[in-house]
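If you're matching them up, the sequences are chains A and B in order.
When the count follows the working numbering, it moves up by one through the first sequence with no breaks and lands on 948 for the last residue.
When the count follows the working numbering, it moves up by one through the second sequence with no breaks and lands on 1025 for the last residue.
Please keep in mind that the hints were generated in silico from the structure rather than gathered at the bench.
Just so you know, not all the hints are guaranteed correct.
With the Cβ distance kept under 10 Å, some of the chain B side facing chain A (calculated, not the full set) [claimed, not checked]:
| hint | residue |
| --- | --- |
| 1 | K953 |
| 2 | S990 |
| 3 | P991 |
The beta carbon of each residue, even a glycine, is placed where N, CA and C say it ideally should be.
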Amino acid sequence: MLEFYEPQADFGTPQSDSETMVTLSIDGVQVTVPEGSSVMRAASESGIKIPRLCATDSLKSFGSCRICLVEIEGRRGFPASCTTTVEAGMQVNTQSDEIGKLRRNVMELYISDHPLDCLTCPTNGDCELQDTAGEVGLRAVRYGFEGDNHLVAEKDESNPYFTFDPSKCIVCSRCVRACEETQGTFALTIDGRGFESKVSVGPADNFMDSDCVSCGACVDACPTATLTEKSIIDAGKPEHSVVTTCAYCGVGCSFKAEMKGNEVVRMTPYKDGKANEGHACVKGRFAFGYTTHKDRITKPMIRESIEDPWKEVSWDEAVTYTAKRFKDIQARHGRTSIGAISSSRCTNEEVYLVQKMVRTGFGNNNIDTCARVCHSPTGFGLKTTLGESAGTQTFASVAKADVIIVMGANPTEAHPVFGSRLKRRLREGAKLIVIDPRQIELVNAPHISADYHLPVRPGTNVTVLNALSHVIITEGLQAKDYIAERCETDDFDIWTKFISEERHSPENTEQYSGVPAHDLRAAARLYAQGGNGAIFYGLGVTEHSQGSTAVMAIANLAMLTGNIGREGVGVNPLRGQNNVQGACDMGSFPHELPGYRHISSKVTRALFEGEWGVTLDPEPGLRIPNMFDAAIDGDFKGLYCQGEDIAQSDPNTQHVEAALTALECLVVQDIFLNETAKFAHVFLPGASFLEKDGTFTNAERRISRVRRAMPPLSGKADWEGTMALANALGCNFKYDHPSEIMDEIARLTPTFTGVSYKKLDELGSIQWPCNDHTPAGTPVMHVDEFVRGKGFFAITEYIATEERANRKFPLLLTTGRILSQYNVGAQTRRTKNSEWHEEDTLEIHPHDAEERGINHGDWVGIQSRVGETVLHADVTSRVKPGVIYTTFHHPVSGANVITTDNSDWATNCPEFKVTAVQVSKVTAPSRWQARQKTFNTQQQQLLAKARH
Amino acid sequence: MNAKKIDRLVKMINQISLNMRSNGSEDLVVSQVSEHLEKFWSPAMKDLISEQEDNNVGLTPISQKAVIRLAAMQRAK
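Start from the sequences and build out the full structure, keeping to the hints where you can.
And the structure:
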């Protein structure tokens, strides 16, 4: 997929999805295309390019530029080919003397108000206006350049990633339409009429102060140099590109990494990528600068204690040192005294190798992954009810949904490219139910308004879900035939009795959830009767002490209404990080081998033992919270942590720090000295996604290739680092390329038997299961039957969390993410994305703020039962009274200093979303923050000594 | 040290039992809780709590029965 740089193919107008075909003649060539196609599209598909300026295939045809005129036999005049639909037998001519003259005349007018600086223009050689002038044969501009023009219009350079140069604008409206149709933000408009027409950022003075979310759709759509990436202005046109997969959220967007030598000069959303279909967000599109940031650590380092300076060493010395320390610990404290944590940011092949190293090299099953703290309840809940630990749909499936429930998720911030798809469907008329304590953007956005917002009190999701099912059952709205055919009927009868109890009625649950009964009843009726019902949920569902119960309740609701097993419906967990699904698939949990098969199964173990040549421990290992507890207890002494910053991301920071401090040997593999690495004894330099080959699996179960665009700065990709460590421990890992690791995964995992790099290159991406039964993958799961056979209605008793608000801690804190930053911020904080979010703030409702004398921008202390931190207040009615909210993107914020050890009953996923707190006005940072600052300074100095 | 460890395990088991309590008969719930522990807990955790099968460490009645069943499963290995 390495290729010379070429702009991506553009067919002018969108593809028609009609199955009826129409045959017409274009320039004497017979062309057959789907009904509803434009003449321009039909011509493009048959290799005939009609010049155009205002048309691009990601946007509906507009018909304003008058360049794409054609002749059609039997029709008067010169219709625009972009807005003319094909008809059977139509005879089209795209070239004639008269057409050529008309096009040149139009082009002449455009160029008469356009700077003639092509040779010094940043898009020289990559400009549709320039190309089109060439295509129509423009040779002169008769009007001169002395008249009124826009050539001195002032540039807007406020956005950190792109400039807006109105002097080059031809007012084709592509940017405005991209903002509306593709992104759904409606930040841009055309102001004025006639000569005064200009692109405007609404009432704002510039892009940065406007509603623009910097997704880059307008930049992609611009046919001139009006909207241009600053990286291109600085570096010039790319010379080659590599198709790869974004390393940010679980949407898994496909990108072309556009390169000059080993330098990325632009990331362009790849139109053939099925997860994103040519769209992007501010993170994937622009925030790649961290990959070459000066903070990157590119040499292995070791030290005896965390008070010692780091010492740079060779890879051999680092892995030999680590192996010696780990073996020594095991000799003194036993085989199970060490373990590892793998990362959802790493590739499938890398997480597979880490768990293989633990099970074969460490000789135990102490392997866990960061999904423990996000979607482990999804694994448990969906496996129990449906039989597979994965979402059921494609993202594109939402285009066929009629009623959409978004629960505990904020797609426009955390999964923005999917959020745009969702908004498009809502603008087309789908109904929306939002279940969330906060008024997320989807509740009320331009041209979108939730039909019902159920503002659930944090910690009471299960009562709302049970009440929705209660209404459906007691009002007889369930899908009786579907349930009878597809589900365990005996268990359904037991569940029906349970859910019909009056205690689950909306009128009763309102006292717990705060959700008005009449709204909840109406929402239940809408979901049950509104056509295709699709549920999308996030960490606001899973990160609770009843997270697994809530996931099962969601599956119950979908089965109850027959909303699983076809397009437009389903249960869809929105995964936070890029490879959460893949990390889980690859056997990263301590009780499961790859493919979600329990370690106690003799048959499964025998399969792996045969391939790996070792005897496997049949007992589950430690989960992450168990590792921390065991470390503090003195039973767990060594940890290998790849690509995860547990000191910042896990709850009860002081507990985590105590655990890390208690370790004899902490090995961190990362691209930066993250918060966890400050407690480490060995640092193995990681590779960014641009530096390695592999695969990521997104929230749709879509396996996509990650392709190396530049060499690893440390000399090794992460899988090579793990392999070196494993072999130093006595393993015999021999892989020359990650494709060989995938081949091994395919040999051992029934849902992956058909997956190979060759097939991924052929198909672009594959949604597992992919095997002999489904050689091209499985877009929609559970079509004819559930993976477990019959669907299981689990009893979902609501057990309130032990974390209760009281007089001392009267408010409930919930946490989340923001668009411009990603997770612990290690990547995005090292980009210009910080211009949008340079610190985490505390959202507090005006009533709660007033009671405490807090004004917008004040320093406020947030005290919980386990800790205290200080943030600036953001007084806003986005949160309801009694609930406060913050993000956790900056280490100094200490959001997790206040979150507790409470966790999901089934999986120990932490209860990040409910912490009882008090808030008060303060004047100084907390004691933890002061300590953190001192510790950070000390560790940075110890790092500096290694580098000099 | 062991008391603290046991307290932690007791809290976890009682939480599991509470969340499973409506799943069916007491025998079914006891069975499900013990199977959950067997399936997801490490050997050290299982051994430590199994040692408490006859002790009053704060387990709810269902949890106590689940631990007795778990201990029997451990002995049978």
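Here is how each hint holds up against the structure:
no., hint, in the structure
1, K953, "holds, 6 Å"
2, S990, "holds, 5 Å"
3, P991, "holds, 5 Å"
The earlier numbered hints are all upheld by this structure, with none contradicted.
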